[in-house]
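S.K.: The chain contents come next:
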Amino acid sequence: MTTALALPAARFTDLLAAEWIKLRSLRSTYWALGSSALGIIFFNANAARADYTNYPHYNGVVRAHFTSWALRDAFTQGAALILVLAAASIGAITIVGEYSTGLIRTTFAAVPDRRALTTAKMLVVTAVMTVYGAVIAGASFIATQAILDGRGQGLSIGHPGALRVVAASALLAPVSALVGMGLAALIRHSATTMVLSVFLLLLLPSFVTERYHWTACVRNALPFNAWARLVNIEYGHEPYTLVSRYPTTVAGGWVVFAVWASVAAVVAVVAVDRRDV
Amino acid sequence: MIEVSQLTKRYGGTMAVRDLSFTVRPGHVTGFLGPNGAGKTTTLRMLLGLVEPTSGTATVSGHSFRRHPRGLHHVGALLDAGDVHGGRTARAHLQALARSNRIPARRVEEVLIEVGLAGAAARRRIGGYSLGMKQRLGIATALLGDPPVLLFDEPLNGLDPEGVLWVRGLFRKLAAEGRTVFVSSHLMSEMENTADELIVIGRGELIAAESLTAFAERGTRPAVTVRTPDAGALADALSAEGAAVAPYDEETLKVTGLSSDRIGEIAFEHRFLLRELATQTASLEAAFMELTADSVEYLAGEPR
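Chains Y and C are the protein sequences, given in the same order.
If you count by this note's numbering, then the first sequence holds residues 1 to 277, one letter each, in order.
If you count by this note's numbering, then the second sequence holds residues 1 to 304, one letter each, in order.
Take the hints with a grain of salt, since some may be wrong.
Okay, the calculated beta carbon distance ranges per label pair [said to hold, decoys possible]:
| id | chain 1 | residue 1 | chain 2 | residue 2 | range |
| --- | --- | --- | --- | --- | --- |
| 1 | Y | A9 | C | T213 | 41 to 47 Å |
| 2 | C | G27 | Y | A258 | 53 to 59 Å |
| 3 | C | T59 | Y | R274 | 46 to 52 Å |
| 4 | Y | Y30 | C | E162 | 36 to 42 Å |
| 5 | C | N36 | Y | L123 | 37 to 43 Å |
| 6 | Y | Y30 | C | G12 | 50 to 56 Å |
| 7 | C | R67 | Y | S190 | 31 to 37 Å |
| 8 | Y | F199 | C | G128 | 50 to 56 Å |
| 9 | C | N36 | Y | G138 | 36 to 42 Å |
Residues from chain Y that face chain C, not an exhaustive set, calculated with beta carbons under 10 Å [unchecked claim]:
| id | residue |
| --- | --- |
| 10 | K22 |
| 11 | G78 |
| 12 | L81 |
| 13 | R114 |
| 14 | L123 |
What the hints contain is simulated information worked out from the structure, not anything from laboratory work.
The beta carbon of each residue, even a glycine, is placed where N, CA and C say it ideally should be.
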């Protein structure tokens with residue numbers, strides 16, 4: 001037999017490289033990342049433009065608290081909704097795309113170590129989505145504050161809380177992508193995965209009331225609400241806003257991000273490892 | 001070497017594979033035959049660790065395939081030509097697979113040339129490929145790691161006649177290099193010119209595991225068709241020589257137990273005029289149909 005190729009030791013970095021090739025060799029990756037990024041940045045810039053236009057009509061109270069308005073424009077709630085939707089879909093599609101096409105069997109025949117494979121895929125997607133989130137949040141911050149500078153109200157990234165707004169918004173992308181991947185590994189069906197991702201990440205946060213202690217706990221444990229808490233710089237001190245009966249902390253927000261990301265990762269690794277394909 | 005031992009897979013109430021045991025040796029092309037739904041694909045998937053057996057074992061070179069961290073150097077497989085992502089180019093598809101197994105990128109170009117997909121075809125997205133081209137890509141994938149064991153599930157589907165000839169030649173070459181080549185098909189005719197050894201299954205159970213020639217002999221014994229105006233008299237003469245004679249129509253006899261040479265001599269001695277003398281060799285197709293008749297899952301005309 002002619003074994004021309006020597007048997008090299010399997011390395012985890014090769015799996016990372018292979019997953020990177022898979023991600024960048026699909027045209028849809030560029031479209032999904034590019035169009036959603038532009039849309040989100042535009043969405044935020046438009047909010048800043050509205051405040052810029054309305055600024056002359058704002059009263060003294062608003063102007064006195066305008067820092068929190070400027071930081072809200074830096075990454076608006078609407079933009080966060082789009083970001084979650086885009087990131088969860090892109091994450092989910094990296095797994096569902098393999099199952100629905102049958103590629104998963106070719107992949108597993110090449111790499112029988114499914115745990116290593118899934119871990120590599122999640123690391124690559126997490127890294128890409130973190131860069132994606134950072135670019136969007138960074139560009140949104142720069143664009144919005146440049147617009148508000150026209151009223152002398154633009155903030156620098158060094159302003160207290162500004163970095164937290166940018167970081168929390170950037171990290172919302174990888175957290176959502178991981179949740180999308182976890183659900184995809186469990187469900188393995190495109191449409192159902194999308195419906196459940198949207199329900200869990202986007203609908204549930206507005207369905208759960210903060211009236212009772214236990215519902216408030218559920219509400220505060222959802223990633224979208226964790227993001228909302230993290231970017232709310234004047235939490236509990238703003239005028240015109242009700243103080244929550246069961247308030248949360250900034251640290252709690254970061255913990256919610258970390259827990260959702262890790263649980264989703266573990267679920268994906270275990271689900272992919274256990275099932276027949 | 002592939003060893004399957006008491007392999008069983010149950011899906012709910014259905015037994016896809018039942019207590020299946022066989023061995024596939026290196027140096028031969030071994031055909032894996034069975035009607036649709038016989039359990040061929042399930043067996044191949046269990047060999048690759050894609051499907052977990054309910055009981056029993058399936059090993060390649062003595063190891064359970066899933067124990068290997070990487071697979072391409074151990075087993076090359078084409079399970080379904082459609083198991084690809086249509087959005088990638090053939091080259092990107094192979095590059096990702098090669099990289100995951102630490103196979104150098106030049107090997108991708110080698111296999112693309114070998115299967116005839118080099119050049120413009122490799123830069124096209126797989127979604128635009130014909131089934132035949134996808135089969136070639138699947139074969140390229142199987143060859144990527146230069147493995148000692150190769151599995152092909154229905155590799156001839158969608159190939160043009162030139163492609164079929166090429167694949168048969170390739171399988172023989174791989175076997176001649178000392179590799180184990182295991183090829184499934186639901187068509188006996190495809191195996192006739194491809195395989196030396198056969199594993200035949202039906203309804204998840206083993207029917208035969210032997211050489212192609214031995215299998216052919218299991219079928220209907222060779223018969224000779226004789227056409228003569230004196231059918232009745234010739235039948236008596238042949239019966240006297242110990243042949244089993246069955247009249248087919250007024251002029252035609254089906255003779256078993258005597259060679260066509262001997263029948264010709266007897267006819268000559270008795271001065272019978274022969275209009276036709278033809279040997280019907282035992283057909284593999286007939287042997288296959290006969291053996292699998294009880295195990296065909298979806299028989300035409302049968303109430304389901």
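S.K.: Taking the hints in turn, state whether each one holds.
M.R.: Hint check:
{"no.": "1", "hint": "A9/Y with T213/C: 41 to 47 Å", "verdict": "holds, 44 Å"}
{"no.": "2", "hint": "G27/C with A258/Y: 53 to 59 Å", "verdict": "holds, 56 Å"}
{"no.": "3", "hint": "T59/C with R274/Y: 46 to 52 Å", "verdict": "violated, 21 Å"}
{"no.": "4", "hint": "Y30/Y with E162/C: 36 to 42 Å", "verdict": "holds, 38 Å"}
{"no.": "5", "hint": "N36/C with L123/Y: 37 to 43 Å", "verdict": "holds, 42 Å"}
{"no.": "6", "hint": "Y30/Y with G12/C: 50 to 56 Å", "verdict": "violated, 43 Å"}
{"no.": "7", "hint": "R67/C with S190/Y: 31 to 37 Å", "verdict": "holds, 32 Å"}
{"no.": "8", "hint": "F199/Y with G128/C: 50 to 56 Å", "verdict": "violated, 36 Å"}
{"no.": "9", "hint": "N36/C with G138/Y: 36 to 42 Å", "verdict": "violated, 57 Å"}
{"no.": "10", "hint": "K22", "verdict": "holds, 5 Å"}
{"no.": "11", "hint": "G78", "verdict": "violated, 30 Å"}
{"no.": "12", "hint": "L81", "verdict": "violated, 27 Å"}
{"no.": "13", "hint": "R114", "verdict": "holds, 8 Å"}
{"no.": "14", "hint": "L123", "verdict": "violated, 14 Å"}
In this structure, the hints that do not hold are numbers 3, 6, 8, 9, 11, 12, 14, in rising order.
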